[in-house]
Amino acid sequence: FPTRRSSDLRNMKIQLLGNCTILLSSKNSQILFDPYFNNFGNLLYKRTTNVSNYYKDIKHLDAILLSHDHFDHMDIKFLSKFKDKCSIYAPKWSLKPLIFRSKPVWIGDKFVVGDFSITVVRANHICPAVGYIIKSEDLTLYFAGDTYYGKFMKDISEKYTINIAMLPITHYLPPMTMGERGALLCLRELNPRFLIPMHQDISQRFQFTNSTIAINELKDKIRSKKLSTKLIHLNNGEVFDINSNEIKIEN
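When you line the sequence shown up against the numbering used here, it's residues 1 to 251, in that order.
Please note that the accuracy of each hint is not assured.
Simulated pairs of lysine-lysine, DSBU-like, Cα-Cα distance not exceeding 30 Å [to be verified]: (1) K154 - K226; (2) K46 - K77; (3) K81 - K159; (4) K77 - K110; (5) K230 - K110; (6) K230 - K159; (7) K225 - K27; (8) K110 - K46; (9) K135 - K226; (10) K159 - K85; (11) K221 - K27; (12) K230 - K135; (13) K56 - K77; (14) K46 - K135; (15) K92 - K81; (16) K221 - K154; (17) K92 - K110; (18) K103 - K81; (19) K46 - K154; (20) K92 - K135; (21) K56 - K46.
Hints in this document: simulated from the structure, not taken from any laboratory.
All of these numbers come straight from a predicted model, not from anything done at the bench.
Can you make the complete structure from the sequences, with help from the hints?
Rendered as C-alpha coordinates:
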(Lines of atoms letter the chains of each structure in order from A and count residues from 1; the text may use other names and numbers.)
(Lines give C-alpha, C1' and ligand atoms only; values in the text may rest on other atoms or scores of the structure.)
Protein backbone atom coordinates (compact mmCIF):
# COMPACT_ATOMS: atom_id res chain seq x y z
CA PHE A 1 0.00 0.00 0.00
CA PRO A 2 1.21 3.55 -0.64
CA THR A 3 1.61 5.61 2.53
CA ARG A 4 0.82 9.24 3.21
CA ARG A 5 2.80 11.98 4.91
CA SER A 6 1.84 12.83 8.50
CA SER A 7 0.73 16.27 7.30
CA ASP A 8 -2.05 14.55 5.36
CA LEU A 9 -3.55 13.43 8.69
CA ARG A 10 -3.67 16.94 10.10
CA ASN A 11 -7.32 17.41 9.22
CA MET A 12 -8.54 13.84 9.72
CA LYS A 13 -11.99 13.74 11.31
CA ILE A 14 -14.65 11.17 12.12
CA GLN A 15 -18.22 12.44 12.05
CA LEU A 16 -21.20 10.38 13.19
CA LEU A 17 -24.26 11.38 11.18
CA GLY A 18 -26.54 8.76 12.74
CA ASN A 19 -26.76 5.03 13.45
CA CYS A 20 -23.68 3.60 11.65
CA THR A 21 -23.30 6.42 9.14
CA ILE A 22 -19.72 7.64 9.52
CA LEU A 23 -18.08 10.37 7.45
CA LEU A 24 -14.29 9.98 7.47
CA SER A 25 -12.40 13.00 6.18
CA SER A 26 -8.72 13.76 5.69
CA LYS A 27 -6.82 16.59 4.04
CA ASN A 28 -7.39 15.14 0.56
CA SER A 29 -10.13 12.53 0.80
CA GLN A 30 -13.62 11.85 2.09
CA ILE A 31 -15.39 8.50 2.40
CA LEU A 32 -18.79 7.62 3.82
CA PHE A 33 -19.78 4.38 5.58
CA ASP A 34 -23.30 2.91 5.64
CA PRO A 35 -25.41 5.96 4.73
CA TYR A 36 -28.96 6.04 6.12
CA PHE A 37 -30.85 9.31 6.59
CA ASN A 38 -34.52 8.42 7.08
CA ASN A 39 -35.86 9.60 10.46
CA PHE A 40 -38.78 7.15 10.52
CA GLY A 41 -37.22 3.69 10.14
CA ASN A 42 -39.59 1.00 8.91
CA LEU A 43 -42.51 -1.03 10.24
CA LEU A 44 -40.31 -3.08 12.57
CA TYR A 45 -37.57 -0.64 13.57
CA LYS A 46 -37.79 3.01 14.61
CA ARG A 47 -35.27 5.81 14.76
CA THR A 48 -34.98 7.16 18.30
CA THR A 49 -32.85 10.22 17.46
CA ASN A 50 -32.99 12.30 14.30
CA VAL A 51 -30.10 12.06 11.89
CA SER A 52 -27.75 15.02 11.51
CA ASN A 53 -28.74 17.27 8.61
CA TYR A 54 -25.08 17.71 7.74
CA TYR A 55 -25.47 15.03 5.06
CA LYS A 56 -27.40 17.56 2.95
CA ASP A 57 -24.19 19.59 2.62
CA ILE A 58 -22.10 16.71 1.27
CA LYS A 59 -21.15 17.61 -2.30
CA HIS A 60 -18.21 15.30 -2.91
CA LEU A 61 -17.23 11.80 -1.83
CA ASP A 62 -14.32 9.66 -2.97
CA ALA A 63 -16.15 6.46 -2.08
CA ILE A 64 -19.10 4.98 -0.20
CA LEU A 65 -18.46 1.76 1.72
CA LEU A 66 -21.37 -0.49 2.68
CA SER A 67 -21.00 -3.17 5.34
CA HIS A 68 -24.20 -4.97 4.26
CA ASP A 69 -27.52 -4.26 2.58
CA HIS A 70 -29.99 -3.89 5.45
CA PHE A 71 -32.29 -0.88 5.19
CA ASP A 72 -30.59 1.11 7.96
CA HIS A 73 -27.19 0.90 6.25
CA MET A 74 -28.01 1.91 2.69
CA ASP A 75 -30.09 4.95 1.90
CA ILE A 76 -31.62 4.41 -1.53
CA LYS A 77 -32.16 8.09 -2.30
CA PHE A 78 -28.65 9.10 -1.23
CA LEU A 79 -26.98 6.24 -3.13
CA SER A 80 -28.96 7.14 -6.25
CA LYS A 81 -27.56 10.66 -6.02
CA PHE A 82 -23.94 9.52 -5.75
CA LYS A 83 -23.84 6.37 -7.88
CA ASP A 84 -22.31 8.27 -10.83
CA LYS A 85 -20.09 10.49 -8.67
CA CYS A 86 -18.01 7.99 -6.70
CA SER A 87 -17.29 4.29 -6.28
CA ILE A 88 -19.66 2.29 -4.08
CA TYR A 89 -18.26 -0.83 -2.40
CA ALA A 90 -20.50 -3.56 -0.97
CA PRO A 91 -20.14 -7.19 0.11
CA LYS A 92 -20.17 -9.86 -2.54
CA TRP A 93 -23.57 -11.58 -2.68
CA SER A 94 -25.37 -8.40 -1.58
CA LEU A 95 -27.94 -7.90 -4.31
CA LYS A 96 -29.54 -4.51 -3.58
CA PRO A 97 -26.31 -2.49 -3.94
CA LEU A 98 -25.90 -3.83 -7.48
CA ILE A 99 -28.66 -1.41 -8.46
CA PHE A 100 -26.07 1.31 -7.91
CA ARG A 101 -23.32 -0.53 -9.84
CA SER A 102 -21.49 -1.31 -6.63
CA LYS A 103 -18.08 -2.96 -6.64
CA PRO A 104 -18.29 -6.33 -4.85
CA VAL A 105 -15.70 -6.95 -2.12
CA TRP A 106 -15.05 -9.77 0.30
CA ILE A 107 -12.79 -10.77 3.18
CA GLY A 108 -9.13 -10.16 2.36
CA ASP A 109 -9.71 -7.75 -0.52
CA LYS A 110 -7.60 -4.59 -0.51
CA PHE A 111 -8.04 -1.29 -2.31
CA VAL A 112 -7.00 2.35 -2.03
CA VAL A 113 -9.29 5.40 -1.87
CA GLY A 114 -7.35 8.66 -1.81
CA ASP A 115 -5.47 8.91 1.48
CA PHE A 116 -6.89 5.62 2.75
CA SER A 117 -5.68 2.04 2.27
CA ILE A 118 -8.57 -0.30 2.98
CA THR A 119 -8.71 -4.01 3.80
CA VAL A 120 -11.98 -5.94 3.98
CA VAL A 121 -12.40 -8.08 7.11
CA ARG A 122 -14.96 -10.51 8.45
CA ALA A 123 -18.23 -9.63 10.19
CA ASN A 124 -20.75 -11.95 11.88
CA HIS A 125 -24.27 -11.07 10.80
CA ILE A 126 -27.47 -12.66 9.51
CA CYS A 127 -26.72 -11.66 5.91
CA PRO A 128 -23.51 -11.25 3.85
CA ALA A 129 -21.58 -8.57 5.72
CA VAL A 130 -18.05 -7.24 6.11
CA GLY A 131 -16.04 -4.79 8.17
CA TYR A 132 -13.24 -2.51 7.02
CA ILE A 133 -9.74 -1.76 8.24
CA ILE A 134 -8.70 1.73 7.17
CA LYS A 135 -5.03 2.72 7.27
CA SER A 136 -3.34 6.03 6.60
CA GLU A 137 0.31 6.48 7.58
CA ASP A 138 0.64 5.08 11.13
CA LEU A 139 -3.07 5.37 11.94
CA THR A 140 -5.37 2.33 11.79
CA LEU A 141 -9.16 2.47 12.11
CA TYR A 142 -11.62 -0.41 12.32
CA PHE A 143 -15.18 0.10 11.04
CA ALA A 144 -16.97 -3.06 12.16
CA GLY A 145 -20.29 -2.48 10.40
CA ASP A 146 -22.88 -4.78 12.00
CA THR A 147 -21.28 -7.71 13.78
CA TYR A 148 -21.36 -9.53 17.06
CA TYR A 149 -18.23 -10.71 18.84
CA GLY A 150 -16.40 -13.66 17.30
CA LYS A 151 -13.00 -15.34 17.44
CA PHE A 152 -12.09 -13.52 14.22
CA MET A 153 -11.51 -10.45 16.40
CA LYS A 154 -8.35 -12.11 17.68
CA ASP A 155 -7.13 -12.54 14.09
CA ILE A 156 -7.71 -8.83 13.48
CA SER A 157 -5.81 -7.93 16.66
CA GLU A 158 -2.85 -10.06 15.58
CA LYS A 159 -2.63 -8.37 12.19
CA TYR A 160 -3.38 -4.76 13.12
CA THR A 161 -2.76 -2.29 15.90
CA ILE A 162 -6.13 -0.57 16.10
CA ASN A 163 -6.08 3.10 17.06
CA ILE A 164 -9.82 3.71 16.73
CA ALA A 165 -12.57 1.07 16.74
CA MET A 166 -16.08 1.94 15.58
CA LEU A 167 -18.32 -0.81 16.96
CA PRO A 168 -22.11 -1.46 16.79
CA ILE A 169 -23.00 -1.54 20.48
CA THR A 170 -26.64 -2.42 20.98
CA HIS A 171 -28.51 -5.61 21.79
CA TYR A 172 -30.80 -7.50 19.40
CA LEU A 173 -32.36 -10.95 19.29
CA PRO A 174 -31.38 -12.79 17.19
CA PRO A 175 -27.83 -11.41 17.65
CA MET A 176 -26.86 -8.98 14.91
CA THR A 177 -24.66 -6.54 16.84
CA MET A 178 -22.64 -6.71 20.05
CA GLY A 179 -24.13 -6.00 23.45
CA GLU A 180 -22.14 -4.87 26.46
CA ARG A 181 -20.52 -8.26 27.04
CA GLY A 182 -19.52 -8.65 23.38
CA ALA A 183 -18.16 -5.11 23.29
CA LEU A 184 -15.96 -5.77 26.32
CA LEU A 185 -14.65 -9.00 24.80
CA CYS A 186 -13.94 -7.16 21.56
CA LEU A 187 -12.08 -4.37 23.37
CA ARG A 188 -10.02 -6.91 25.26
CA GLU A 189 -8.97 -8.52 21.98
CA LEU A 190 -8.40 -5.36 19.93
CA ASN A 191 -7.15 -3.02 22.67
CA PRO A 192 -7.89 0.13 20.63
CA ARG A 193 -6.88 3.52 21.93
CA PHE A 194 -10.37 4.90 21.28
CA LEU A 195 -13.83 3.36 20.96
CA ILE A 196 -16.65 5.09 19.08
CA PRO A 197 -20.00 3.31 19.68
CA MET A 198 -22.38 3.06 16.72
CA HIS A 199 -25.91 1.74 16.14
CA GLN A 200 -27.30 3.79 19.02
CA ASP A 201 -30.47 5.21 17.46
CA ILE A 202 -32.30 2.32 15.78
CA SER A 203 -34.49 0.17 18.04
CA GLN A 204 -37.22 -2.42 17.58
CA ARG A 205 -40.77 -1.05 17.63
CA PHE A 206 -42.05 -4.17 19.37
CA GLN A 207 -39.57 -5.65 21.80
CA PHE A 208 -39.53 -7.71 24.97
CA THR A 209 -36.05 -6.62 26.00
CA ASN A 210 -34.34 -3.22 25.95
CA SER A 211 -31.88 -3.00 23.06
CA THR A 212 -30.17 0.16 24.34
CA ILE A 213 -26.75 -0.10 25.96
CA ALA A 214 -26.13 2.66 28.54
CA ILE A 215 -22.94 4.43 27.52
CA ASN A 216 -22.06 5.59 31.04
CA GLU A 217 -22.41 2.05 32.35
CA LEU A 218 -20.20 0.79 29.53
CA LYS A 219 -17.58 3.40 30.46
CA ASP A 220 -17.65 2.14 34.03
CA LYS A 221 -17.27 -1.47 32.88
CA ILE A 222 -14.28 -0.53 30.71
CA ARG A 223 -12.63 1.00 33.76
CA SER A 224 -13.52 -1.89 36.05
CA LYS A 225 -12.03 -4.38 33.55
CA LYS A 226 -8.87 -2.25 33.57
CA LEU A 227 -9.01 -1.79 29.80
CA SER A 228 -6.96 1.08 28.40
CA THR A 229 -9.52 2.12 25.76
CA LYS A 230 -11.09 5.57 26.00
CA LEU A 231 -14.75 5.72 24.96
CA ILE A 232 -15.69 8.63 22.69
CA HIS A 233 -19.46 9.14 22.70
CA LEU A 234 -20.56 11.09 19.63
CA ASN A 235 -24.06 12.46 19.30
CA ASN A 236 -25.42 12.67 15.76
CA GLY A 237 -23.57 15.44 13.92
CA GLU A 238 -20.61 15.56 16.28
CA VAL A 239 -17.04 15.20 15.02
CA PHE A 240 -14.05 13.53 16.61
CA ASP A 241 -10.97 15.46 15.54
CA ILE A 242 -8.19 12.86 15.46
CA ASN A 243 -5.39 15.41 15.57
CA SER A 244 -6.62 17.17 18.72
CA ASN A 245 -8.59 14.23 20.22
CA GLU A 246 -11.48 16.67 20.70
CA ILE A 247 -15.19 16.39 20.00
CA LYS A 248 -16.68 19.21 17.94
CA ILE A 249 -20.22 19.94 16.86
CA GLU A 250 -20.89 20.44 13.15
CA ASN A 251 -24.60 19.71 12.87
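Given the hinted pair K135 and K226, is their Cα-Cα distance within 30 Å?
holds, 27 Å
Does K221 pair with K27 here, judged by a C-alpha cut-off of 30 Å?
Status violated; Cα separation ~36 Å.
Quickly compare the C-alpha distance for K230 and K110 to 30 Å and report which way the hint goes.
holds, 29 Å
Hint check: K225 vs K27, CA-CA at most 30 Å. Holds or violated?
Given pair K225, K27 is violated - Cα atoms ~37 Å apart, limit 30 Å.
Compare the distance between the alpha carbons of K77 and K110 with 30 Å, and conclude whether the hinted pair is satisfied.
holds, 28 Å
Is the straight-line distance between the alpha-carbon of K81 and that of K159 30 Å or less?
Between K81 and K159 the Cα gap is close to 36 Å, so the pair fails against 30 Å, i.e. violated.
Compare the distance between the alpha carbons of K56 and K46 with 30 Å, and conclude whether the hinted pair is satisfied.
holds, 21 Å
Hint consistency between K110 and K46 [alpha-carbon to alpha-carbon, up to 30 Å]:
violated, 35 Å
Given the hinted pair K46 and K135, is their Cα-Cα distance within 30 Å?
violated, 34 Å
Are K46 and K154 close enough, with their CA atoms no more than 30 Å apart?
Given that 30 Å is the threshold and the Cα spacing comes to 33 Å, the pair is violated.
So if I understand the rule, the pair passes when the alpha-carbon distance is 30 Å or less; does K46 with K77 pass?
holds, 19 Å
Pair hint outcome, K92 versus K110 [Cα-Cα no greater than 30 Å]:
holds, 14 Å
In the structure shown, a violation is registered for the earlier hints numbered 3, 7, 8, 10, 11, 14 and 19, in ascending order.
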